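Chains as they are written, first to last, in the numbering used here: chain G, 380 to 479; chain R, 2 to 351; chain V, 2 to 166.
Keep in mind the hints are simulated off the structure, nothing from the lab.
Note that this is a predicted model, so its numbers are computed, not measured.
Just so you know, not all the hints are guaranteed correct.
Chain V side only, calculated, beta carbon under 8 Å to chain R, not exhaustive [to be verified]:
hint : residue
1    : V28
2    : V58
3    : V67
4    : A128
5    : G132
Only pairs whose alpha carbons sit at most 20 Å apart, straight line, appear in this in silico EDC-like list of lysine to aspartate or glutamate [stated by the list, open to error]:
hint : chain 1 : residue 1 : chain 2 : residue 2
6    : R       : K108      : R       : E282
7    : V       : K133      : G       : D470
8    : V       : K121      : G       : D436
9    : V       : K162      : R       : D319
10   : V       : K121      : V       : E3
11   : V       : K162      : V       : E144
12   : R       : K76       : R       : E183
13   : V       : K162      : G       : D436
Yeah, the Cβ is synthetic: ideal placement off N, Cα and C, and Gly gets one too.
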Amino acid sequence: MIDPRLVLVLSAVLLSLGVVGVLTRRGAISILMCVELMLNAGNLAFITFARINGGPDAQIFVFFVMALAAAEAAAGLAIVIALFRLRGTTDVDEINLLKW
Amino acid sequence: MQGVDIIINLLKIVIVFSALMLCVSIMTWVERRLSAVIQYRLGPNRVGPFGLFQPIADGVKFLQKEDIIPAEAHKLFYILAPALAVIPALCAFAVIPFGPTVTILGKQIGLVILDLDGGLLWAFASTGLGVYALVLAGWSSNSKFSLIGGLRSSAQMISYELPMALSVVSVVLVSGTLRPTEIVAQQAGSFLHWNIFGGGFQLLGFILFTVAGYAETNRNPFDLPEAEGELVAGYHTEYSGMRFAAFFMAEYINMMTSSALGITLFLGGWQLGLPARWLPEPGWLLWGAQILAFVVKMAFFQFLFVWVRWTLPRFRYDQLMNLGWKGLLPLSLANLAVTAILVVYGVVGH
Amino acid sequence: MELIAFFVLALLLIASAIVVITNRNPVSSAVALAFNLVAIAGLYMVLDAQFIGLLQVIVYAGAIMVLILFVIMLLNLREEAKAHPAGTFQRILAPVTALLFAIVIGRAVWLSAPSSFPEKTEGFGTAASLGKELFTRFYYPFEAISLLLVVAMIGAVLLAKRKVS
């Protein structure tokens, strides 16, 4: 059988890979995708704990996190579209109108 | 899992896969002959008696075509897209029960590959993954017709997933379970117990599911994204030879999966539709008849697909999206509400 | 048997995650992310959470990723530009920080989690058990999240609408 600690370490690795992605990527949509990666890493940890403790509580949490991720993706992408129409690019380094 | 179970599962997979592929080639013949009958002309009748070897001729034709990849196309996705179209279509068939629990050599074998607790969700997951093939094929071909066709096709597919899912949810409300084998078992008895008739009063749900099924599989009257004369050929404009044949196969397999789902949910699956006292003893006579019943129902649905394709004119794209979002979706929500009321007051439901 | 499935899936997960964070073509990283999500769903199924695994494929891989792909194609995003030379320090610091992060969390988890899974409880991961909890104990969060989804839909439509000038 699988060692739950391995799954949790995998989830930590995925989380840190997502962090690297968010910090390094330049396109707004790519950053959103790395955020989704982090959310999924968290979900994986939740499901592991659900399997360890046996109840439906953590799975319900995952359910809500998925719904939240959907809402956030939709709203975030709409913002990116509006930004693209304004500046002609999704490159976050170019979105600097409010810079001092 | 014991070794015997693994072998039995592998055998089931092989049987279902070969049956599906055989049906695809039969369907190409049926489509061409039936369309000929509808259009008052002869169909293929040279390649063997009644043109029965036409699918073989088609297959050979596809195999010997030149393998073209457009100049600036994204190679990986261009090659991957046809495979991505066929695989989810085949996977969706895994949860569909095509026969009762037979007893071979003393072992009970349910004639379904995957008896999942959330079997219907698996079917939806697989059809949902089929959207990627359209999007990737359209994008990777590096051609305007392909891109617009691909985006339109996938937008159409995801729009019509909603009424389809809602009509399925109404059936789940009536049956109380997501497991297809149980849903079929609950429709035993005379055909008035089927979910479409007295078992669940899901006639509207059935109509919604079928119409959404036509749109999901990109068949007429919803085949604007891939019709000739509209967008050349939509997302598969730049494909030729075996790759195009793969898209073709994927379309037919999707047709069969959506018909099989409709049969399982609304028309009693492999049930014969006769009251229990008229049925013979459980044995190969009964089981063979039930498997045959499933095949006959599938054949009827395929006939319906071809008939509708060659009879109705096609929808314009905005009419299509209007129908999906402003017509089918409210109707399926209303169907869900009515079914919920019926279940609460105990008129239907298990 | 499950160990083999776990290791194969873990490898696929890490490989596709690396493609997501490094590939400059947004469509390639989107498809890699979709693959990643399906692999995570596979991992959920290995952990006996069937309903959540299937839901993951339907919602995440089948809807959210398609949405992201659509937006990428509608905006016709090209390959991402090469990074600024000015950000080199950050680009070296980011993986180092993430590595430290992973080591800290990994160590914490290694010390606190049990070393083997207990037996599966009856009805774990089925739709029935989750539905029962969702509509009784978690009823208010359920209604709140449906409200949230409606608000997000309205917000997305309003934000992305073309202004009629």
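Next on the checklist: Which constraints among the numbered hints does this structure fail? Numbers only, ascending.
Outcome noted: Failing hints, ascending: 5, 7, 11, 12 and 13.
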